[in-house]
Structure formats: structure tokens, C-alpha cells
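Colleague: Chains as they are written, first to last, in our numbering: chain U, 401 to 858; chain V, 0 to 255.
Keep in mind the hints are simulated off the structure, nothing from the lab.
Treat the hints with caution; some may be incorrect.
[Unchecked claim] Label pairs and their in silico Cβ distance ranges: (1) V/K142 to U/N751: 23 to 33 Å; (2) U/V664 to V/S153: 35 to 45 Å; (3) V/D80 to U/V664: 22 to 32 Å; (4) U/R757 to V/M117: 12 to 22 Å; (5) U/F651 to V/D235: 49 to 59 Å.
[Unchecked claim] Below 20 Å or equal to it, Euclidean Cα-Cα: the simulated SDA-like pairs (lysine to any residue) are: (6) U/K752 to V/K130; (7) V/K102 to U/S753; (8) U/K602 to U/L741; (9) V/K102 to U/L741; (10) U/K752 to V/D58; (11) U/K507 to U/R526; (12) V/K130 to V/A78.
[What the hints assert, rightly or not] Stretches of chain U that chain V covers, calculated by requiring three or more beta carbons in the stretch to come under 8 Å of a beta carbon on chain V: (13) 634-647; (14) 750-756.
Just so you know, even glycine gets a beta-carbon here, dropped at the ideal spot from N, CA and C.
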Amino acid sequence: MTATMFIAVLGLAAVAFLLSRQRAYRIAGANLSALHSRPAYHGTYSLLWVLVVGWGLLLALSVASSVLIEANLSARIAEALPDAPEIERQLVLSDAVAIAEGALPSKTGDLRAEIAARHTSLQAWRNWAIVILVSAGALLATAATWSQVALGWRARNRAEKIIRLILMSMAGIAILTTIGIVLSLIFETLNFFSNIGWRIDKFLFGTTWSPLSGVHEGKLDPDKVGAVPLFAGTLLITLIAMLVAVPVGLFAAIYLSEFASRNVRSTVKPLLEILAGIPTVVYGFFAAITVAPAIRGAGEAIGLSVASESALAAGVVMGIMIIPFISSLSDDVINAVPQSLRDGSYGLGANKSETIRQVVLPAALPGIVSAVLLGVSRAVGETMIVVMAAGQGANLTANPLEAVTTVTVQIVMLITGDTEATTAAGPAFTLGFTLFCVTLAMNIIALRIVRRYRELYD
Amino acid sequence: MQMSDEIKISARDVNVHYGDTHAIKDVDVDVLDKMVTAFIGPSGCGKSTFLRCINRMNDTIDVARVDGTITLDGEDIYARDVDPVQLRAKVGMVFQKPNPFPKSIYDNVAYGPRIHGMARNKADLDEIVEKSLRRAALWDEAKDRLAQPGTGLSGGQQQRLCIARAVATQPEVLLMDEPCSALDPIATGQIEDLIDELRKNFSVIIVTHSMQQAARVSQKTAFFHLGNLVEYGDTDHIFTNPEDPRTESYITGRIG
Chain U
401 MTATMFIAVL
411 GLAAVAFLLS
421 RQRAYRIAGA
431 NLSALHSRPA
441 YHGTYSLLWV
451 LVVGWGLLLA
461 LSVASSVLIE
471 ANLSARIAEA
481 LPDAPEIERQ
491 LVLSDAVAIA
501 EGALPSKTGD
511 LRAEIAARHT
521 SLQAWRNWAI
531 VILVSAGALL
541 ATAATWSQVA
551 LGWRARNRAE
561 KIIRLILMSM
571 AGIAILTTIG
581 IVLSLIFETL
591 NFFSNIGWRI
601 DKFLFGTTWS
611 PLSGVHEGKL
621 DPDKVGAVPL
631 FAGTLLITLI
641 AMLVAVPVGL
651 FAAIYLSEFA
661 SRNVRSTVKP
671 LLEILAGIPT
681 VVYGFFAAIT
691 VAPAIRGAGE
701 AIGLSVASES
711 ALAAGVVMGI
721 MIIPFISSLS
731 DDVINAVPQS
741 LRDGSYGLGA
751 NKSETIRQVV
761 LPAALPGIVS
771 AVLLGVSRAV
781 GETMIVVMAA
791 GQGANLTANP
801 LEAVTTVTVQ
811 IVMLITGDTE
821 ATTAAGPAFT
831 LGFTLFCVTL
841 AMNIIALRIV
851 RRYRELYD
Chain V
0 MQMSDEIKIS
10 ARDVNVHYGD
20 THAIKDVDVD
30 VLDKMVTAFI
40 GPSGCGKSTF
50 LRCINRMNDT
60 IDVARVDGTI
70 TLDGEDIYAR
80 DVDPVQLRAK
90 VGMVFQKPNP
100 FPKSIYDNVA
110 YGPRIHGMAR
120 NKADLDEIVE
130 KSLRRAALWD
140 EAKDRLAQPG
150 TGLSGGQQQR
160 LCIARAVATQ
170 PEVLLMDEPC
180 SALDPIATGQ
190 IEDLIDELRK
200 NFSVIIVTHS
210 MQQAARVSQK
220 TAFFHLGNLV
230 EYGDTDHIFT
240 NPEDPRTESY
250 ITGRIG
């Protein structure tokens with residue numbers, strides 16, 4: 401029903417376009433330049449209005465009528481079952497809707513049949529109302545915009561204004577979604593903090609993380625929500641990852657931009673970027689199944705005891721994953737260093753390594769730093785690899801050969817575990833919010849550095 | 000006017016190809032010591048390309064190929080055992096657009112002396128920096144802000160900084176590729192005075208678009224056209240009594 405009307409409005413809009421354009425041609429006659437706006441703009445103006453009015457009415461009426469129908473049915477159910485709990489009334493309603501739509505209800509009965517019948521008749525009413533109102537609105541818009549077509553009518557300006565408003569509202573949706581997510585994070589975080597009696601210090605500085613073992617009557621034990629082991633684990637793995645990714649990525653970038661011939665570069669760079677296209681879940685089981693046992697075997701060979709899930713395995717594989725970020729971004733910034741600086745250095749008798757070390761890298765440094773920071777925020781937020789290869793126990797250690805856990809791993813554990821969602825959500829959201837703050841700060845710093853760098857050479 | 004007839008740079012049968020483009024055709028020229036030589040000619044005539052042959056800057060361009068012989072003090076600079084890096088320490092270069100490094104003024108000038116190990120200690124280096132900045136007529140403006148970035152100077156000051164940077168390595172020859180094209184007339188005048196000063200110590204080759212500039216600063220002028228060296232001789236002679244009709248057309252403004 402809604403889909404049919406959606407397409408019908410589209411068809412009507414096309415008709416409105418043709419009609420208004422036609423009228424514009426007729427009014428202008430032979431002298432087209434007498435029109436303020438070209439005929440296509442008159443058509444576009446009509447088209448936009450019909451779409452906005454038609455689709456807007458369709459959306460508003462659909463939503464409003466659904467709410468009204470449900471309210472009506474619920475009222476009837478409440479009347480019939482005054483003592484039933486809310487959850488049972490909802491069950492009756494969903495069964496009735498299932499009956500009305502020919503699906504399988506969980507139970508049948510007189511009340512359900514009655515509600516189903518009522519639902520069917522209300523739906524029919526609603527459908528007719530939508531068809532009539534939407535068609536009327538769209539036709540009215542067609543007629544109104546068609547009659548406005550005149551020599552001096554500024555259809556182009558008005559059409560462009562409508563388009564601008566549409567674009568603005570799309571941007572608004574993106575921004576509002578972000579704000580909504582952040583607000584829900586903040587709200588749940590505050591919830592969690594009030595649940596542990598505002599002992600924020602226990603969360604930030606406590607060293608025991610076992611939030612679900614301390615649950616008592618829906619209250620969390622502030623002594624068991626210390627997130628320090630998670631922060632330490634995240635930091636350790638990020639550090640290992642950057643120790644792998646920064647030298648390899650940076651040197652690869654220097655080779656590609658300064659030494660490689662054009663042919664080598666055009667082959668190697670896409671190959672490196674393939675690394676960025678591998679799904680992280682693949683890296684994850686690569687780390688868990690290949691790298692971790694290999695590290696363990698190598699450790700045993702030289703007499704070290706290595707846990708089967710180790711920070712080292714997860715960190716190294718994560719580093720490999722981040723290499724293309726660092727190399728690709730650094731390669732771009734090194735290439736953006738003006739050739740004139742290299743010429744200036746060569747012209748003074750500097751050789752290639754002096755030029756790279758003393759002129760090119762210092763000039764590219766801000767960009768390289770921001771590439772590294774983006775890599776770090778990637779590493780901090782990475783989940784799949786650490787879930788599979790780093791371990792689950794909150795273990796406060798600086799030894800990379802032991803299993804550690806990270807913020808992201810604990811969020812996964814909390815949310816996918818079988819604990820009641822309301823209890824698990826608090827710590828998970830709070831960890832998520834912490835993570836969000838850290839990566840946001842990192843990205844802001846990186847972007848600022850990049851911006852300052854751009855000002856220098858553009 | 001101090002003049003010497005000692006040949007500093009000698010080029011014979013020099014041809015340069017950029018890929019399929021034949022940029023320089025059979026150029027023969029002798030550049031004299033302690034003298035300013037101007038290369039003039041319309042855009043794309045090959046004067047900058049030829050200049051870049053003299054310190055082998057064309058080596059840094061993959062598709063460029065240089066044939067023929069160029070000698071500096073009688074030694075072939077394209078010989079197998081010549082290291083272009085060492086050559087460029089002897090043949091300094093100043094570019095069309097001022098290109099100070101993103102370092103302090105001091106570090107810009109000290110760059111060459113440092114990489115060539117010309118200073119034994121900080122005092123030596125300070126002295127070289129001061130001397131070079133004085134030679135480039137920048138000392139008075141820059142002495143209080145040596146630690147500030149060279150990119151913060153005005154365009155004319157930046158170009159003088161680049162000249163100071165080039166003379167700091169104590170080259171024997173200074174190549175200048177349109178050093179004033181990005182500058183206003185006042186800064187241009189300062190640079191031209193400077194070039195006249197530099198002639199006492201170096202052999203200077205300057206590529207320029209401006210015939211007035213060539214006439215003002217140079218003793219010898221070479222006119223390039225479509226990759227050929229059309230005419231080479233005393234500046235006074237070329238501007239007053241050109242032998243080739245193409246030279247005459249160019250300096251009277253009919254081609255260019």
C-alpha cells in the first residue's frame with residue numbers, strides 16, 4: 401500500500417514536471433529568453449513540490465495512523481482484560497495482528513478474533529484515507545505550481561532553495577544521529593556511575609575488573625569495576641602494534657615515494673593497500689590460529705613460557721593490519737613535499753639520504769605524525785583481532801607474552817554474554833564512552849596537525 | 000671592471016632529450032671565470048635545461064638524457080668517476096621560486112656547511128652563517144631572528160636567504176635560474192646589486208626572461224632559441240649590434 405503510493409507520487413511528480421514545463425513553453429512562445437527561468441526549472445519546481453508534499457503526507461499519515469490504530473486496539477484490550485499485566489496485553493495485540501495478516505498467532509480466542517477484525521477494518525479505513533489525502537495533496541501541489549508558471553516567476557531560485565533545504569536536512573540527519581549516539585552513551589554512562597554510587601574513581605583507577613560477579617540486586621560492586629587492566633591491556637597491544645606498524649609503514653612509504661621507480665610504485669602501493677582491504681575477522685583468526693601458536697612454539701624453544709593467547713600475537717597482527725594506513729598516508733604527505741625543496745637540497749650538494757633525513761622528513765613530519773595518530777586510534781578501537789587472539793581475563797601485566805584483555809574485548813563479552821541486558825549495558829556503554837573520548841581526542845589532534853601542515857604549503 | 004679570460008666552464012656538442020623531446024641541440028659555449036653570464040631567450044628555448052646540465056640537476060629527472068661534454072676547470076663533469084653530489088657542492092644553484100627549507104634561518108644557511116663538514120665547531124659555523132648572510136645582504140635584516148623559520152621571511156628576503164644558503168658552501172660557480180621572476184622591482188634591484196657583488200668571488204650564470212636584467216647585470220650573454228644557442232658574446236655587443244637576425248628579432252620584441 402505504502403509502496404504503491406510512494407511510486408504513484410513519483411509518477412504524479414513526473415507528470416507535474418511535464419505539465420509545468422509545457423506551460424512555460426506555451427507562455428514564452430517564440431521568445432524563450434523572456435522567461436526568467438528556463439522551462440525545465442518550472443518543471444523541476446513543480447516536481448519538487450509534488451514530491452515533498454506527496455511523500456511528506458504519506459510518511460506523516462502512515463506513522464500517525466499506525467499510532468492511532470494501536471492506541472485504539474490497546475484501549476479495547478485494556479477494557480476487555482482490565483487485570484492483565486502489560487506484557488499479556490501486548491501479546492494479545494500481536495496475536496491479533498498476526499491473525500489479521502494471516503500469519504500464525506501463538507494463541508487464538510474470542511478476544512483475539514475480535515481485535516483482529518477490528519484491526520482489519522481500521523486498516524481498510526486507514527488505507528483509503530491515505531490514498532485520498534496523499535493524492536489530493538499531490539494534485540493540489542501540481543495545480544498550484546502549474547498555475548504559478550509565468551514569465552517573471554523565479555522558478556529556478558525557488559527550486560534551488562528547495563534542493564538546498566533537502567540537502568540541509570540530509571546533513572542534519574547525519575549530525576543528529578551522531579548527537580543521538582553520543583547522548584545515549586553519556587546517558588548510559590551516567591546511569592552506570594549512579595549504579596556504582598558515583599565511585600568514578602573506582603572505575604578509572606580500580607585494578608579489579610569483574611563487573612558481573614559483583615552484581616547484587618541489580619547493583620554493581622564498585623570494587624569490581626576497576627578498568628585499569630583493560631586500559632593497560634589496550635595500551636600494551638596498541639604499543640606493540642605501533643612498534644610493528646610505524647617502522648615498517650614509514651620505511652615502506654619512504655622507499656615508495658623516494659626510491660621506487662614509477663613502475664614499482666604503481667604495483668607495490670595497491671598491493672600494500674590490499675592489506676587494508678582484508679576483513680579484520682580474517683586477521684583475527686590468522687592471529688589466533690597461526691601467529692599465536694608460532695610465537696608460543698618459538699618461546700618454548702628458547703625456554704620462555706608463552707600463553708596461548710598473548711598480547712604479542714594480537715599486537716603484531718594488529719600492527720600488520722595498520723601498516724597500510726601508515727604507509728599510504730605517509731607516502732601521500734612525503735609526495736606532497738614540494739620538489740623545489742628537494743631540488744634546493746640537491747643543488748647544495750646534499751645526497752639522497754641527507755635530503756630525505758634533513759629536508760623531506762622534517763617537512764612531512766606533521767603529516768606523518770597525524771598518520772601515526774590515526775593508526776593509534778584504529779588500534780585502540782580494533783576488536784576482532786583482540787577478541788580472538790588477546791584473551792579474555794582482565795590481567796594487569798606489562799608482559800607481552802601473557803594474555804591480556806582490552807576495552808573492546810570486554811564490551812563484546814558484556815554484550816554477547818547471557819547476563820541481563822540492563823546490568824551488562826552499564827559497564828559496556830561506559831567503556832564505549834571512554835573509548836569514544838580517546839579516539840575522538842586522537843582524531844581531533846591528528847586533523848589539527850594535518851590542517852596546520854596544509855597551510856604551510858598550499 | 001675586473002675581467003679575466005680564464006675559461007671556467009666549457010660545453011661541447013651538448014644535447015639534451017626529455018623523453019622524445021629534443022630540448023638542447025648541439026650547444027657549444029665557454030663560460031668565463033669571475034664574470035656574470037646571462038642566458039636569455041623565449042620560454043621553452045632550453046636555457047634553464049642547459050643551466051641544469053652544469054650541475055647535473057637533470058640527473059634527478061628520470062626521462063632526461065644528456066649527451067656531449069661539459070668541463071669544469073678542464074675536467075669532464077659527466078665522467079664516470081665524478082660524483083654529482085660533490086659537483087653540486089662546487090656548482091651552487093638558486094632557483095626560480097624561493098625555496099627555503101622549513102627550518103630556521105640559521106639552519107637554512109648552515110645546511111650546506113653541515114653536510115659538507117665545513118665547520119669544525121659552532122663558532123666556525125656561526126662565522127660561515129654570518130659571512131654568507133652578509134654576502135647576500137640579508138645580515139642586517141636577519142641577525143635578530145636567526146632562530147625563526149626561513150619561510151616567515153618576505154619573498155625577496157627568502158630569495159636572498161637562498162642565495163646565502165648557496166654561497167655558504169663556497170661554490171666556484173653560482174647558477175641562478177630566473178632568480179627574480181617571483182619578486183617585485185625593489186627586491187629585484189637588491190638581488191641584481193647582489194649578483195654584481197658576487198661576481199668578485201664566483202662565476203655567475205643567470206637565466207633570465209628580462210633582457211633589461213641581462214643588460215644590467217651580465218658581461219656575457221647567450222641567446223637561446225628552440226634549443227639552439229643562436230648567439231653568444233659580450234653583452235654590450237649582443238644588445239647593440241646582434242649578428243643573427245633571430246637575436247635582433249628577440250631583443251627588439253618581435254619573437255618571444
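Colleague: Now tell me if each hint is right for this structure.
Modeller: The hints, checked one at a time:
no.	hint	result
1	V/K142 to U/N751: 23 to 33 Å	holds (31 Å)
2	U/V664 to V/S153: 35 to 45 Å	holds (41 Å)
3	V/D80 to U/V664: 22 to 32 Å	holds (29 Å)
4	U/R757 to V/M117: 12 to 22 Å	holds (18 Å)
5	U/F651 to V/D235: 49 to 59 Å	holds (57 Å)
6	U/K752 to V/K130	violated (27 Å)
7	V/K102 to U/S753	holds (18 Å)
8	U/K602 to U/L741	violated (53 Å)
9	V/K102 to U/L741	holds (11 Å)
10	U/K752 to V/D58	holds (12 Å)
11	U/K507 to U/R526	violated (27 Å)
12	V/K130 to V/A78	violated (34 Å)
13	634-647	violated (count 0)
14	750-756	holds (count 3)
Hint compliance for this structure: hints 6, 8, 11, 12 and 13 are broken, all remaining hints hold.
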